[in-house]
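Asks: Using the hints, position chain B against chain A.
These protein sequences, in sequence, are chains A and B.
Going by the numbering used here, the residue at position 40 of the first sequence is 29; the numbering climbs one at a time, nothing skipped.
Going by the numbering used here, the residue at position 69 of the second sequence is 1270; the numbering climbs one at a time, nothing skipped.
FYI, nobody ran anything at the bench for these hints, they're computed from the structure.
Fair warning: this is a prediction, and the values are worked out from it, not measured in the lab.
For each residue, glycine too, the CB sits at the ideal point set by N, CA and C.
Errors might be hidden in some of the hints.
[What the hints assert, rightly or not] Which residues of chain A face chain B? A few of them, derived with a C-beta cut under 8 Å, are:
| id | residue |
| --- | --- |
| 1 | M12 |
| 2 | V15 |
| 3 | L19 |
| 4 | I22 |
| 5 | Y36 |
| 6 | R40 |
| 7 | V60 |
| 8 | L67 |
| 9 | T70 |
| 10 | G75 |
| 11 | S93 |
| 12 | L97 |
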Amino acid sequence: MARSHKPIVWGLFAAGGTVAAFMLPVLLLLSGIGITFGLLPGDFLSYDNVRGMLQHPLIRLLTFGVLFLIVWHAAHRLRITMHDFGIRADTLVAVLFYSVAAMSTLTLFIALVRL
Amino acid sequence: MSRRPYIRPVSTTGWWLRDGLYFRYMMRELSSLFIGAFTIFLILGLYRLSQGRAEFEVFTARLLGPAGTAFALLTLIFAIYHTYTWFQVTPKAMPIVLAGKRIPGFVIVAAHWLLFAAVSATVWLLAVIF
Chain A
-10 MARSHKPIVW GLFAAGGTVA AFMLPVLLLL SGIGITFGLL PGDFLSYDNV RGMLQHPLIR
50 LLTFGVLFLI VWHAAHRLRI TMHDFGIRAD TLVAVLFYSV AAMSTLTLFI ALVRL
Chain B
1202 MSRRPYIRPV STTGWWLRDG LYFRYMMREL SSLFIGAFTI FLILGLYRLS QGRAEFEVFT
1262 ARLLGPAGTA FALLTLIFAI YHTYTWFQVT PKAMPIVLAG KRIPGFVIVA AHWLLFAAVS
1322 ATVWLLAVIF
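Excised from the complex, chain A in its bound form (with noise of 0.2 Å):
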């Protein structure tokens, strides 16, 4: 039987989706939200505080999983979809959609090893 990749790809999809359902919305509280409905101080988000939440090479390893893991979710699931809108050139929309993910991924990985 021909190999396939795409079990690779389908287990980023299942671990970014379960990530994303537990994780995003504190996520999203945390980094802006929180801050305009008055949940957190107004400098949350200050370089000092942010660099000093990073600090700890753990915590920098939790999020390059969390949002490498939500970003491969997202690019898989938008491949799928791009053929329910009758988008049948599903080789060049994956090439597309990983190549972007891929790029995210790198970015986030020189970003958080630069800090």
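Replies: Frame of chain A, contents of chain B only:
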């Protein structure tokens, strides 16, 4: 089989607007558009953070401005809908049998929401304390 089977004309782009079930399906799928775009926005913010103070402050001004706030709120609505739909399918994705008895679906869904509350509280407290 007839040689020219009848094919019901269906709009390829607007079919999901005709029916509530299809519409909810499409909202679930489109949640990934907002979730993906906002996550990339946050990744760019981390990149700005690694560049320096001035670059990061340009990002936070955009994030906390009216457009950034609207983007974040829309993403929050889609994120919560994603959580809801993701938890709703868990009894089908992983049915649990204990002592020969099937655990009811609503128990599995409720357990996920409890864990969701615990994870959210932990992340929130850690972020606020440190």
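Asks: All hints are to be evaluated individually against the structure, with a verdict given for each.
Replies: Results for each hint:
no.: 1; hint: M12; result: 6 Å, holds
no.: 2; hint: V15; result: 4 Å, holds
no.: 3; hint: L19; result: 5 Å, holds
no.: 4; hint: I22; result: 5 Å, holds
no.: 5; hint: Y36; result: 5 Å, holds
no.: 6; hint: R40; result: 7 Å, holds
no.: 7; hint: V60; result: 5 Å, holds
no.: 8; hint: L67; result: 5 Å, holds
no.: 9; hint: T70; result: 4 Å, holds
no.: 10; hint: G75; result: 3 Å, holds
no.: 11; hint: S93; result: 5 Å, holds
no.: 12; hint: L97; result: 5 Å, holds
The structure is consistent with each of the numbered hints, conforming to all of them.
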